[in-house]
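Trainee: Following the hints, put chain B in place on chain A, whose structure we already have.
In order, the protein sequences belong to chains A and B. Quick note on the UniProt record's numbering: the first sequence kicks off at 1 and runs consecutively. Quick note on the UniProt record's numbering: the second sequence kicks off at 1 and runs consecutively.
These are computed hints drawn from the structure, not numbers from a lab. Being a predicted model, the structure only gives us computed values, none of them experimental.
Which residues of chain A face chain B? A partial, calculated answer using Cβ under 7 Å:
1) PRO9
2) LEU155
3) LEU186
4) VAL212
5) ALA241
6) LEU266
7) ARG271
Here are the computed lysine to any residue pairs in the SDA-like style, where the Cα-Cα straight-line distance is at most 20 Å:
8) B:LYS212 - A:ARG7
9) B:LYS180 - B:LEU103
10) B:LYS212 - A:GLN10
11) B:LYS180 - B:ASP88
For each residue, glycine too, the CB sits at the ideal point set by N, CA and C.
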Amino acid sequence: MTTLVNRAPQETRGNWKTYAALAAFMVISAFPVYWMFVIATSTDEKVMGFPPTVIPGDQLLVNLGEVFGMQNVYFTASLINSVIVAGVVTATTLFFCSLAGFAFAKLRFRYRNALMFVVILTLTVPNQLGVVALYILMARLDWNGTLLAVIAPGLVTAFGVFYMRQFISHAIPDELIEAARIDGALTLRIYWTVVLPAIRPALAVLGLLTFVATWNDFQWPLITLGGTDFPTSMVALSDLASGNYVIYRRVLAGAFAATVPLVILLLIGGRQIVRGIMEGALK
Amino acid sequence: MSLTQTRPAPPGEPKHAPPPRSRYWWYRFDTKTVPYLLIAPFFLLFAVFGLFPIIFNAVVSLRNWRIDEPDNRGWAGGENFSRLLTDDDFWNALGNTFGIFVLSTIPQLLIALIVANLLNRKLRATTWWRVGILLPYVTPVAASTLVFAMFFARDYGLANWFLSLVGFGEEDPIDWRAAKWSSWIAIATMVNWKWIGYNALLYLSAMQSIPKDVYEAAAVDGAGPWTQLWRITVPMIQPVILFTVVLSTIGGLQLFNEPMLFDENPASASGGSDGQFQTIAQLIYKVGWKDLNLGYAAAMSWALFLIILIVAGVNALATRRLGGDK
Chain A
1 MTTLVNRAPQ ETRGNWKTYA ALAAFMVISA FPVYWMFVIA TSTDEKVMGF
51 PPTVIPGDQL LVNLGEVFGM QNVYFTASLI NSVIVAGVVT ATTLFFCSLA
101 GFAFAKLRFR YRNALMFVVI LTLTVPNQLG VVALYILMAR LDWNGTLLAV
151 IAPGLVTAFG VFYMRQFISH AIPDELIEAA RIDGALTLRI YWTVVLPAIR
201 PALAVLGLLT FVATWNDFQW PLITLGGTDF PTSMVALSDL ASGNYVIYRR
251 VLAGAFAATV PLVILLLIGG RQIVRGIMEG ALK
Chain B
1 MSLTQTRPAP PGEPKHAPPP RSRYWWYRFD TKTVPYLLIA PFFLLFAVFG
51 LFPIIFNAVV SLRNWRIDEP DNRGWAGGEN FSRLLTDDDF WNALGNTFGI
101 FVLSTIPQLL IALIVANLLN RKLRATTWWR VGILLPYVTP VAASTLVFAM
151 FFARDYGLAN WFLSLVGFGE EDPIDWRAAK WSSWIAIATM VNWKWIGYNA
201 LLYLSAMQSI PKDVYEAAAV DGAGPWTQLW RITVPMIQPV ILFTVVLSTI
251 GGLQLFNEPM LFDENPASAS GGSDGQFQTI AQLIYKVGWK DLNLGYAAAM
301 SWALFLIILI VAGVNALATR RLGGDK
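So here's chain B without its partners, still in its complex pose:
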């Protein structure tokens, strides 16, 4: 806080002419109450549409709450939660979520690092490159996923066509949606495509604040660009890496749009014929709005939140560890 902070003149010792009585009331109102009025909209709106739903969600998760049975609203106790433990759909979705999460986060952040390193040079048309890599970020997932769904189509898709060019799967093209591994790769590709440029920009901003002389000493010792990247740049931008790891954990574990729209029939929310790429967020949607069981869906979203907390914490610790060892 600086010492020159604006402070209303204390009553009784006005800086200039003493204000007339009517203005004095206004003045007090202006300095005492108006600040609260300015921040009130945020707190009111957040309380109603942000905080209340989260708290109320906990209540719903402990109750029977079906859209189609409005009279059945008794307490369910821990029933919704204990049901989770034996729900095959839940564990299947959890496995899928983690599988896609690993396939998307790791390549995403590694490639972003390399792209950022490329951008962190003296380049012509700097702004043009930076704006260009944001095209995936502004493209709606709903639109790009539909393109990727065609890209990964079995019979006329570009992916299989490329593979056939290098002599792979010409006789027996890959049915990308059919198996876990192939659908996970397809979905992870969409996620990676969308977020690499965004993460690269975050890394770039951190890279540009690394003092130049840090590199000079390493250069004298003969460190090449690759060694510089891993031994100097990465450890120096570790806080931002940590930030992106946590962000992509939160995003990755809530993955919804891509698996929804990759489906042959998006409205079913089933994540493939056999749930092979159904994620938790998608299952929550299905349980709540297709099976109409809001109580159970609420319990699932609490479980998801706990999982996110744990994974984000573990990731943050691991990242710090890795960076610290360097």
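Just chain A, with the same shape it has in the complex:
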């Protein structure tokens, strides 16, 4: 090794200070989730005690049992609803976005570039701007209060189309598509047998990001499902926390139950999620 200590950062080996700082940051990142667990496993006395409790108790099953057994908030049903909404939205987003991405990346048709420009333009419009009118639209369709109202606006995203087009342009050589065409394959067949197998990594990234975002969405489900008996789990959580006498160990047991699926997803697909974000994924 040369004596030049201050070379490019990416060439510099992390010293103990680097690790200490990163570890401290990790502790802060993980603490709220850990504390959620602590409260979810504690008794009322512990929760209301001073100094605050920081060690998990043994009441997890009791607290979970209470949340899932509540009569006015159907927490089990809300979790199932979340699974349905996030599952359907993820599946259709992957399907529609890969179809459109494939067309924009590999097919020739008139106004292709102009249409792609429209897709990119729609990326910049915040959906929140239309939330009042969306509610009115859903009322006309008589969908408010049903899962359809939550699912429909999420069926496809401009970001997904853009992401898929980028990936397909780079990942699949034109020659491959041409060869399939010469063999007599029609477009849909090419999509199915050539494109889909080649874009599995992109499907994983987009799928994970979409699932997380849909599962965690709160505002629109609150507007359209608020006050119904069977909302998504995020709305059910806010119901749990509303009211005159809030039982925190119960609320956080619910919060913990609604967080666990995503933590598992992070553990399984962490590498893909990181890659998706580092390649410039949007919120």
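Mentor: Just chain B, lined up with the frame of chain A:
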């Protein structure tokens, strides 16, 4: 566009055997129409659930539109908008939104920069660190905010306990929700916690594409790591910084979940006993779905959109300026 772009063989000069007549029709259909069918779902769905609501929102904002008075649907002209100018709630919410926005965006991006700089070294277990800092990103805001609400509780909260350990506020613990400054800090903390890791990853990806030899010259001149960070790394990743500034402006000005769930009674959407931490997005929800005045809520959301445009533009300009001066 590459020259090898797939192109259907022009009719009349087939590459191989000429297709039979029935297949020929299919072939034309496949190359002329199918591409449009593939992109149609996006455009249809976006037109119905994305574009139409935004346009229709403008119409609603110019009308009387109350959920509880279905017969009162006349044009209101600019009434909803002029009402905004004298609405104390609106200006209060605007002030809160900006206050929380400043307290969250600046520390968020600065800390993300430092974390990214730490990650941009030769480390053991690289992936593990990168995945670890994403835990806040995947944690639902609805769940984490409820934890933070307990963290910042007056009587049994961890925040006050920590402060009392260093001999602060032992006699008179801080009531975090009660005052503007304390509730803003609490909410900004939640926002910062959630987004630092995400932004750090965006910065890291840009940092890794900076050529190594750029640093060598600076090292010869004796620039330490800190100087390198501010004089080389930051100017070189300026486009990504710009991107995150715009993103966090859009996100910050639409802040909804954290102030909603930090409230003692989330269902009220009032942002504290005296609206001390009520944001614009929250006020829109309250006006539309608690006061049932959708027309006025629509006008507010247009106002918010204009504010976002202006602030994002100013921020983008300022960031470019700062980077250019270096």
